[in-house]
Amino acid sequence: MPISQKEILIKTFKSNKTSVVGLLMAFGVVTIALIAPWISPYDPIAQDMNIQHAPPSWAHPFGADSYGRDQFSRILWGSRVSLVVGILSVLFAMAAGIPLGMVGGYKGGRIDNLVLRFIDIFMSFPIVILGLLVLAIMGPGLIKIVIAIGVALTPRIARLARGSTLSIKGKEYIEAARAVGQNDGKILFVHVLPNIFGEILVMGTLWVATAIIVEASLSFIGLGVRPPTPSWGAMIRDGLDQLTNAPWLSLFPGLAIFTSVFSFNLIADGLRDISDPKLRG
Amino acid sequence: MSNGALDLSDQVPRNDFKEEVVIKYAIRRMIFVLPTLWAVVTFVFFLIRIVPGGPAVAALGSYATEESIRALEKQMGLDEPILVQYGKFLMNLCQGNLGKSLITNKPISQEIARALPYTLDLAIGGMIIGILFGIPTGIITALRRNRPPDYIGRILSLVGISMPEFYLGILLMYLLAIKLHLFPVLGGGDLSHLSSRLYHLFLPALTLGIIMTAFISRMVRSSMLNVLREDYVRTAKAKGLHERAVIYKHALRNALIPTVTVIGIYMSILMGGSVLTEIIFSRPGLGKMMVFAVKDRDYIALQSVIIIFSAFVFLFNLITDLLYSIIDPRIEYH
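Line by line, the protein sequences are chains A and B. Each residue of the first sequence is one higher than the one before, counting from 1 in the numbering used here. Each residue of the second sequence is one higher than the one before, counting from 1001 in the numbering used here.
Mixed in with the good hints, there may be bad ones.
[Stated by the list, open to error] Per label pair, the in silico range of CB-to-CB distance:
#1 Phe1032/B with Trp38/A: 55 to 61 Å
#2 Ile35/A with Arg1029/B: 33 to 39 Å
#3 Val30/A with Gln1095/B: 52 to 58 Å
#4 Glu1020/B with Phe27/A: 42 to 48 Å
#5 Trp38/A with Ile1103/B: 43 to 49 Å
#6 Ser1282/B with Tyr173/A: 56 to 62 Å
#7 Tyr1151/B with Pro99/A: 38 to 44 Å
#8 His53/A with Arg1029/B: 35 to 41 Å
#9 Tyr1151/B with Asp184/A: 31 to 37 Å
#10 Ile1155/B with Asp43/A: 34 to 40 Å
[What the hints assert, rightly or not] Cut-off 35 Å, straight-line C-alpha distance, at most; resulting in silico cross-link-like pairs (DSBU-like, lysine-lysine):
#11 Lys171/A with Lys186/A
#12 Lys17/A with Lys1237/B
#13 Lys1088/B with Lys1106/B
#14 Lys1295/B with Lys144/A
#15 Lys1239/B with Lys144/A
#16 Lys107/A with Lys171/A
#17 Lys1088/B with Lys1295/B
#18 Lys1295/B with Lys1179/B
#19 Lys17/A with Lys171/A
#20 Lys1074/B with Lys1024/B
#21 Lys1106/B with Lys144/A
#22 Lys1239/B with Lys1249/B
#23 Lys1295/B with Lys1106/B
#24 Lys1024/B with Lys107/A
#25 Lys1237/B with Lys1249/B
#26 Lys171/A with Lys144/A
#27 Lys1074/B with Lys144/A
[To be verified] Stretch-level coverage of chain B by chain A, calculated; a stretch enters the list once three of its residues show a Cβ under 8 Å from a Cβ in chain A:
#28 1030 to 1043
#29 1065 to 1075
#30 1155 to 1164
#31 1169 to 1183
#32 1266 to 1275
These aren't lab readings, by the way, just hints derived from the structure by calculation. Yeah, the Cβ is synthetic: ideal placement off N, Cα and C, and Gly gets one too.
My request is simple: use the sequences and hints to build the entire structure.
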């Protein structure tokens, strides 16, 4: 099948309406994150106790929280934390996991065994729990959350990269490159990487969705970015005390998390046809 | 689990040696798993020791006096060389002794024994709901591929995997507990009374169960679709077997094999999800204990709970492996 990864991607997108819808939604969420400062009607950290727990209205479409801060503006700003953490932590995991998996899969033998052990050990922690452990040690902060989630995703991406590398290791072009005496590093980065990257990128969108959920979970627990910086998970937690009399405080930030995660999952669902459905975990 | 929604046991070709072989296989798998578990334990132990200032300073806070820190370190054995601590820690761990809480000074193993049933109830309850609804949904969507039931099922399952469990939990709590008063809002119930136990379990288990249904139905659908393309399914159809017989006798069993292998992975997702679900519903389980340990900066308790969590992930993976070997007679026991 001499079809390039690019053609497969374009074809899949054309034939799959859900991934196009997902792409549009994700584009919307990213746009909101980029232009949040210009479109939010209020300062997300400005307090006005006159409107404490105000219900949704024209002036404050999503109501106001316990400090009298406009929920709508906070949700718009909160998209920044979610997306930055979601995307950066997956990039982090790719930067660490892809070389690890490629080397293991390509070299085989003892090195591969070592890589497999590493994957086994770190996969035995649920993502949220490994993230929680790392953050409990390092303390809160945006970069630290990226590292914590990135570390938790690394073995999962390494496993994927290892599997893909194994499946193309015996292909003629790899043999040919070896036959003409190219060194391993060059083979890995010039021949293996471009051929496995498409599949990893597809799964990457799925992992961005997971990372957004994990970030929300950690900030819900109280290990997210420091207040008063708005983040969706922390907003839900703050609203939980008021669930009976001001349910909108938890419901809207949750809807925001759901919408962004859903959009990335829609993209991945369309692209999934070209990758193995069993790899999610 | 194969005896829950779908009784497949009568289709498993058994011989007299099989059980003995499976037990031997289980023991071998266990021996194989132990070094990895040891590595996990070691990783957590040393990670906890690199807390800035050490666990005692973290627990007492930066305003604590030098004497009180030294006293706590001495009492907890944190003043000894790290390798001595590690050796003692491993010895104690093998005897089921997880040390004492830095905050309450109570044995952590007692706390864990008290909290564990709440978490296991939740994880198992969630998994049962996921299997009961996920497998039929997966089959129906696969059989009605690209028709309305498939579209609806796929969209719903995507909604399910996109929903953070704590958000779904809040929605269910708001609707069924606060508005309709059908279930209790908070608490884990009385473990010794089955009705109270189930009554308090229902909403949290439903929360995780809905998410598991989404995961499992997607998995069953895709492996069912793979199997339906296989030659033996076509052969079965060609020889005039009834549609039902083809699906249940030939396709389903083979479709379930890959599903079972990933249930171990799902169990890990469930255990992670149980942490947040317990927080939402104030269930006094391991997840709640873990989050409180983080808040109190009780690193010794945190270390123990995380080790127990990973041990359960290993255990579930082991059970999955064994189930796999029982439902797939092709597996070799080397």
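To see whether the hints hold, each was checked on the structure:
A beta carbon spacing of about 57 Å between Phe1032/B and Trp38/A agrees with the range 55 to 61 Å that was offered as a hint. Checked against the hint of 33 to 39 Å, the C-beta distance between Ile35/A and Arg1029/B comes to roughly 54 Å, which is inconsistent with it. For the pair Val30/A and Gln1095/B, the beta carbons lie near 54 Å from each other, so the given range of 52 to 58 Å is met. Roughly 59 Å separates the CB atoms of Glu1020/B and Phe27/A, a value that falls outside the hinted 42 to 48 Å.
At about 47 Å, the beta-carbon gap between Trp38/A and Ile1103/B stays in the expected band of 43 to 49 Å. A hinted range of 56 to 62 Å for the beta carbons of Ser1282/B and Tyr173/A is consistent with their spacing of about 58 Å. The given range of 38 to 44 Å is respected by Tyr1151/B and Pro99/A, whose C-beta atoms sit roughly 40 Å from each other. The given range of 35 to 41 Å is broken by His53/A and Arg1029/B, whose C-beta atoms sit roughly 55 Å from each other.
About 47 Å separates the C-beta atoms of Tyr1151/B and Asp184/A, a value inconsistent with the hinted range of 31 to 37 Å. Checked against the hint of 34 to 40 Å, the pair Ile1155/B and Asp43/A passes, with Cβ atoms roughly 38 Å apart. Proximity of Lys171/A to Lys186/A is assessed by CA-CA distance (about 16 Å); at most 35 Å being required, the pair is judged to hold. A threshold of 35 Å between alpha carbons decides the hint, and for Lys17/A with Lys1237/B the separation of about 33 Å falls inside it, so the pair holds.
For a cut-off of 35 Å, the pair hint linking Lys1088/B to Lys1106/B stands: about 18 Å separates their Cα positions. Between Lys1295/B and Lys144/A, the direct Cα distance comes to roughly 17 Å. Compliance with the 35 Å bound is thereby established for this hinted pair. Proximity of Lys1239/B to Lys144/A is assessed by CA-CA distance (about 61 Å); at most 35 Å being required, the pair is judged violated. The straight-line distance between the Cα atoms of Lys107/A and Lys171/A is roughly 15 Å, inside the 35 Å bound, and the hint therefore holds.
With a C-alpha separation of about 26 Å, the suggested pairing of Lys1088/B with Lys1295/B holds against the 35 Å cut-off. A threshold of 35 Å between alpha carbons decides the hint, and for Lys1295/B with Lys1179/B the separation of about 31 Å falls inside it, so the pair holds. Using a Cα cut-off of 35 Å, the hinted pair Lys17/A and Lys171/A holds, with the two alpha carbons roughly 33 Å apart. A C-alpha spacing of about 45 Å is found between Lys1074/B and Lys1024/B, which places the hinted pair above 35 Å, so the restraint is violated.
In summary, the hint linking Lys1106/B to Lys144/A is supported, as the alpha carbons are separated by about 32 Å, within the 35 Å threshold. A threshold of 35 Å between alpha carbons decides the hint, and for Lys1239/B with Lys1249/B the separation of about 14 Å falls inside it, so the pair holds. Restraint check: the Cα-Cα separation between Lys1295/B and Lys1106/B comes to about 17 Å, which is no more than 35 Å; the hinted pair holds. A distance of roughly 32 Å separates the Cα atoms of Lys1024/B and Lys107/A; the hinted pair therefore holds under the 35 Å criterion.
At roughly 12 Å between alpha-carbon atoms, Lys1237/B and Lys1249/B fall within 35 Å of each other, so this suggested pair holds. With a C-alpha separation of about 40 Å, the suggested pair Lys171/A and Lys144/A falls outside the 35 Å cut-off, and the hint is violated. The suggested pairing of Lys1074/B with Lys144/A holds, with an alpha-carbon distance near 32 Å, which does not exceed 35 Å. Only residues whose beta carbon comes within less than 8 Å of a beta carbon in chain A count, and the stretch 1030 to 1043 of chain B has 5; three or more means the coverage holds.
Only when three residues or more bring their CB closer than 8 Å to a CB of chain A does the claim for the stretch 1065 to 1075 of chain B stand; here the count is 0, and the claim is violated. Evaluation of the coverage hint for the stretch 1155 to 1164 of chain B: fulfilled, as 6 residues show C-beta separations to chain A shorter than 8 Å, against a requirement of three. Under the rule that three or more residues need a Cβ within less than 8 Å of chain A, the assignment of the stretch 1169 to 1183 of chain B holds, with 5 such residues. Figure legend: the stretch 1266 to 1275 of chain B, annotated as covered by chain A; annotation consistent (7 residues with Cβ-Cβ distances under 8 Å, at least 3 required).
Of the numbered hints listed earlier, those contradicted by the structure are 2, 4, 8, 9, 15, 20, 26 and 29.
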